[in-house]
Amino acid sequence: MKIFLLVLVVIIVLMADMIPLIKKRQHKEAVFLLIIGIITLSYGYYYITHEHTASLANLMFEIFSSK
Amino acid sequence: MKTGKNRISVKQLFFVFTIMVSSPTTRLLPKYTAAKAEQAGWVSPVISAVPFILLILIIDSLLKKYKGQSMADIISNIMGKLLGKLILIVYLLWSLWLTAMYTRYYTERLTSSIYPNISTGVLIILTLIPIAYMLHSGFTVIARMSEILLPFIGATLIMLALFLLPKVRVDNLLPVYFNDIVPIFNGSIAVTGILSYLFLMFFLSDNLVNLKSLRKFGYIAAFVNISSIMTVNLIVIGVLNSSLARRVSMPVLTVVKQISIMDTIENIEAIVVALWIFTDFTMITTLLVIVLKLFKSVLNLSDTKPFIKIFAVLIYFLSMGICTRRFELEDFTNSLLMPINITLGYGFPFALYFLSKLKNRSKSKKAINPSP
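Residue numbers (the numbering used here), protein chains in the order written: chain A, 172 to 238; chain B, 4 to 375.
Simulated from the structure, these hints should not be mistaken for lab results.
Accuracy of the hints is not assured; some may be wrong.
Claimed, not checked - To be clear about the criterion: a stretch of chain B counts as covered by chain A if any three or more of its residues have a C-beta under 8 Å from a C-beta of chain A, and this derived list gives those stretches: (1) 301-308; (2) 317-326; (3) 330-338.
Said to hold, decoys possible - Pair ranges (Cβ atoms, derived): (4) G124/B x F235/A: 25 to 31 Å; (5) S213/A x Q261/B: 47 to 53 Å; (6) P178/B x T220/A: 43 to 49 Å; (7) V178/A x T267/B: 52 to 58 Å; (8) N9/B x I193/A: 23 to 29 Å; (9) T220/A x L96/B: 31 to 37 Å; (10) R196/A x L96/B: 28 to 34 Å; (11) S115/B x V178/A: 30 to 36 Å; (12) L230/A x M162/B: 39 to 45 Å.
Values in this document were obtained by computation on a predicted structure and should not be read as measured data.
Glycine is no exception: its CB is placed at the ideal position from the N, C-alpha and C atoms.
Extracted from the complex, chain B is given alone in its bound form (with noise of 0.2 Å):
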């Protein structure tokens, strides 16, 4: 699918999400999905494919009635004007705090595996500006280069899903009995809060082009995220065990050193880690276009352009003061930001969904029966 400047296709856009949640998926869900329902962690991901589905569906039905207008303006549409640019501010300072929250994340997870002699305002600040001057340049660059980074990053995930498999224990993923449904279901809540950033994806969506594609490759991408988290899920608890999986830091790097090929291939930890900086970079500058999108939206401004900097050094201040340590950034993650996000990433849009169907019909009845 060609695209002009400043426009990017479905594709695009899903290739770049799919990249954005395998961030959280090495990071936070083995260990939270492994905490909540021990053994049968990795089924998990399996209940979040219907919320996800469900969204798609919403979004898309939402995309096809209000055509060419960005979220930002459909929300406006249906709320009214004062209501809607109260929800967009919502939206603003929850993609805002997930900037700078992943930001913090990506320089604790270096100086925690391969640079802990490093400082961490030093790699923020190596991160946010190459992201800045990457942004001059338009979304279209991060999602050109999605197309070329997310086959690498599946070819790694089944490379090492493959060397790991002959460590997997099948003791450590059975039994999973019916009774295991409640901690299964407690268990996929992260992964659906994680899944529940397509919806900011849609505040670009007036720069979305072959929308009627969108179902496609929806579906697509549901079947590769749900997999893939499944497929990490299943090789770190099969690994390492439930009780270790929540214990350990990091998981999946902890697992990935177990890799040994005929006692000659070891410590390929580097690929990873690798993995790490991409990902988490194109989950930055994502989240950073959706902030400006947003404020653009909000303030009814032309041009976002000459406030790429200046949003740069806030989310630096933002994300340095966002905790003290990593511990209470994990604990915030665990407990309050995945009710955030499943209400502003599923509740709303459903919500908006029902009131659009409800504005359709009223005005449906006005026109059969217009007042005198």
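Just chain A, same shape as in the assembly (with noise of 0.2 Å):
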């Protein structure tokens, strides 16, 4: 369910966007637009199957090894 929540929004969200963004003849922007729309869906999907360990604090922990 939260992930059709999700995709939804983010589908929403990005055709909201991308619409004016093409009429404008604004490729550029309407790619990377894109491009944030499947980190943001990426992210939320590792996000909704890990709710209860996702941690990018302990991630951050790891990768300067000062814990």
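Build the complex from these two chains, which are given one at a time in their own frames, with help from the hints.
Shown next, in the form of structure tokens:
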């Protein structure tokens, strides 16, 4: 259910901003909007599937090896 | 100072900055300085004035040299196109992290003070929707709103300080010996780290007018911010004492709860919570504007308005997934965030300044002795 909501919200937001961009022939902006949409979808999917363990702070601790 | 569409004055920028600083001032700094410098924690902000004023002078010098350009353009000019873009990506990731982190802190603060039964996700959505809506009108709205808001915040701080002054115990604040200089310095790291957000604000410098008065308003901002941080630390440590101030989850709220005027006016902590909401709202909005500006600079885009909504959705998920519990985030802030803030907010601008000086010197040498 949560994944369905995520996909729905991202698609609605993308469509709402993408259509005016394509009408104005701002293709570069449209492509980057799509890329950010894909990043949001993938991180959103990761967060939903790892809701109780997902922690970017812990990831940062691992990167800087300070814990 | 009159400003046009999408342009703000330096004064307005410093107003926004002061509101931004007041958010972590009430949440983090009294705890941090009390933990590092104990009873001398209230002196710590004074040390931070030195790097902060140096940062203002460096920014002023860079902006005078590269007139009409944003900080992103200045970085690309000095460091070269490729390295400049890489550095801008680092700043983009840093500001994205800060936006997600402060959004999470905002909701954590509300759930642990007045809304314990409301889910974090709902509060984040309720914050991000008005922010995304407001950003369509441009940053000038936030800047003008800050002009109205800051006097209220200042007046509230003075009023609360006056109410709490009779409860301050001098033996909680003194003695401060010469030996305390190292703990005071350690305590000032967080204050310096928070004040480093000023550099991020200047990624909006191409939207600024009246840059001539940057130094003047910079000095005023330094005085206002340092004195307000000192006041908050002094009141919290003076009322609670350092060992309690470092252990309480929200020391400012605990202190304000103790206010009682003639046993009739009590429970005025709602004022503090209202201020938190306003200051955090300004902070998140400003950071999101900086994220969009950096995104525009990195990818050479013509407009960022179409990206507001999708970035708001991304920040929702980032702030939800930034930590599993508040303890993790506080640990991260105390141990990792401050060095990162100081490196990116002070270290890099200082390096940029020296590189620009070196570049100038080599240019002038070439002009005197042109190679055949």
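Hints, one by one, checked against the model:
no.: 1; hint: 301-308; result: holds (count 4)
no.: 2; hint: 317-326; result: holds (count 7)
no.: 3; hint: 330-338; result: holds (count 5)
no.: 4; hint: G124/B x F235/A: 25 to 31 Å; result: 28 Å, holds
no.: 5; hint: S213/A x Q261/B: 47 to 53 Å; result: 48 Å, holds
no.: 6; hint: P178/B x T220/A: 43 to 49 Å; result: 56 Å, violated
no.: 7; hint: V178/A x T267/B: 52 to 58 Å; result: 56 Å, holds
no.: 8; hint: N9/B x I193/A: 23 to 29 Å; result: 25 Å, holds
no.: 9; hint: T220/A x L96/B: 31 to 37 Å; result: 23 Å, violated
no.: 10; hint: R196/A x L96/B: 28 to 34 Å; result: 30 Å, holds
no.: 11; hint: S115/B x V178/A: 30 to 36 Å; result: 32 Å, holds
no.: 12; hint: L230/A x M162/B: 39 to 45 Å; result: 42 Å, holds
This entry does not satisfy hints 6 and 9, going by the numbered hints stated previously.
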